[in-house]
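Colleague: Residue numbers (the numbering used here), protein chains in the order written: chain F, 1 to 127; chain X, 1 to 564.
Keep in mind that the hints were calculated from the coordinates and are not lab data. Not one of these hints is a red herring.
Not the full set, but computed from the structure, chain F residues with beta-carbon under 8 Å of chain X:
#, residue
1, VAL35
2, PHE39
3, VAL50
4, ARG56
5, VAL85
Where chain F lies over chain X, by a calculated footprint (3+ residues, C-beta under 8 Å):
#, stretch
6, 23 to 31
7, 41 to 49
Chain F is faced by these chain X residues, among others (derived, beta-carbon under 7 Å):
#, residue
8, PHE7
9, LEU10
10, ARG11
11, ARG14
12, LEU17
13, LEU18
It should be emphasised that the depicted structure is a prediction, and the values quoted were computed from it without experimental measurement. A virtual CB, placed ideally from N, CA and C, is assigned to each residue, including glycine.
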Amino acid sequence: MNLEKVVFSFFIVLALTLNFGFFLGDIDKPEHHNVYELFATIVVNLIATVLKFGERTQIGTVLLATSLVADLELIAAALVWALSVHVIGGGLTPSATAVIVSLAGGALVANAVSVVLLVVEMATLRR
Amino acid sequence: MHDQTLFLILRRMRAPLLVLVATYAIAVGGLVMMPGINADGNPERLSFFHAFYVITYTATTTGFGELPHPFTDAQRLWVTLTMYLSIVSWLYAIGTLIALAREPTFKRVFVENRFAAAVRRIDQPFYIVCGYGDAGAVVAQAITKRIFAAVVLEPSADKVAARELETGDAPILTLVADASLPENLLLAGLRHRRCAGVIALCDSDNTNLQIAIAAKLLKPRAFVICRAQSHDTQANMESFNTDLVINPFDSFAERLAMALHSPDVHQLHQWLTSMPGTSLSRRIDPPHGTWVVCGYGRFGKALAHYLHQEGIKTVIVEATPEQVQAPKDCIVGRGTEADTLHQAGIEHAVGIVAGTDDDANNLSVIVTARTMNPRLFTVARQNRRENDLIFQAVHADLVMQRSRAIARRIVAAVSTPLLAEFLSYARSQNNEWARALLARVQPTIHGRVPEVWTIDISDAGAPAMHGALSDGVPMSIADLLRDPRDRDMRLAMVPLQLQRGEQSTVLPGDDMALAPGDRLLLCGSTAAVRSLNWTLFNTQVLHYLLHGTVGPDSMVWRWWRRAH
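Bound-form chain F, shown alone (with noise of 0.2 Å):
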């Protein structure tokens, strides 16, 4: 067993499922997406990324592709979450909540890619 290959997947599909939970619901009701599930997902997210770095094989840097991929759209969600709230006013509206809500499942797509990469790589790898 290697230790670095065990923290390596639990954050990546960490990444996926927070995500997945926070993307799960109607898409314009604010009450079903928790604004402390976006914030994990955000920093697991980041983490599983800087996880990434420094990898030279192909597979390697397609992850790193892939959770770029999914950090850009989170921070937008985070971003628009941040304008409808404290810069607009008047709470999260439904069409708010909808962008917020179709840019995270946008990110679930590039993580899901992410755990897919993850799982042929070790699939072709038997060790």
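With the hints as your guide, set chain X onto chain F.
Modeller: Just chain X now, kept in the frame of chain F:
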């Protein structure tokens, strides 16, 4: 290769960045949890946005105060804790980055990457020069002054730094690296599409040998030029098809021999292979008679050999005849004492060669010999470049400096293939031929070393001329030599050789017709090069030169002229 720097940074920054992300997550998450109150005194926690804002400015120790409402003590307690945590993790991250930047391996990777990127961007033919000693510096400068670029590899950082101070105008791409390692040759662009060849001028013969083998194996097409100080190495290099092996002693002696039998051919050689724009060297006219050669080392042997070929009698003076296998009849001594020189018959000799490997002795030989026979032709061997000043002061007729002797040969060989061909033709001509040519070149160059260059009458090299010739407009060399400012004047240059297909014409006459695809070797002043470019590239100028009128340029006018 080029993303190695980024790779290294990312790899090293992994831990510090993880610490930073974790710190921020704990700090922001914790601050959101801490109970607080709003302006109305009602309980209200900080939102993620505000918490991130507060942590951002406290973590970087900016400190704007308690926003958006005054904090509760619980929040203050948390912020206090997070400040210590965040400052430590920032210091860790920045410290790692700075340590990385100062690391020699990282610096090396960084410099190599920049060098490799610069080499990749070269878009003209270039030579890799290995060794940035005196010869390397002269060669690199000379070839960059002509049509080539140069990339230099030199293992000593001090030498590179010194050269950087010397060469003010055109910086030459240089890397501190051991050229005998094949990977460094590749880094310098050996496999680059425009790499014309490798010039190995390192101090040790063995290094040069390694470079030559590596270059020939990695790129068989490359033109490889090597310096060899011994005949053993020379034979070894030639055995695997090194294109040109230069022995500085032989090549100097060969030149002296050339000057002996035809001083004007020698002079022509000097003019065409020196650095353009520098002042012309004096014509030397070594006398025929008995020569005294002091020192029978590699230099002395080479000179004695070539002098002998010219039918000149030599007297050898050597301090250790057994060690160097000097001929039996040699005079034993260093040649620095009047006694030995007298034995060698200096009073009746016409020339003296001070050719030991000690500069002080060589100078002493020259000075002593001259007091005994003031009319002597003096040849001094200079071993160390630092002694330039005293060698100038002694006013020897010829000073043999290894680096200069090599540089000339190399420049002649690489600058343009036509020139090498022309020079070998010139060597086979007699002195009168060379004297006549010098007389033609002389008025065009105003006492400066002329430019020597090749023009290609092709669509790329001379679009205007090529177009006109392809349209069937007849043109001769006389037309080419007209001055674009006034067609009745001649440009200050001399056509040396015209190549058409496989056929070459040396010194083509004015009435010789030009044809598309011709290559022409010319020599003349720098101003003439610039003027000639007008003729080659500008159809208007060419029209004026051919017809004496300025023709129509725009499409409409051309059509109008044709219609009437």
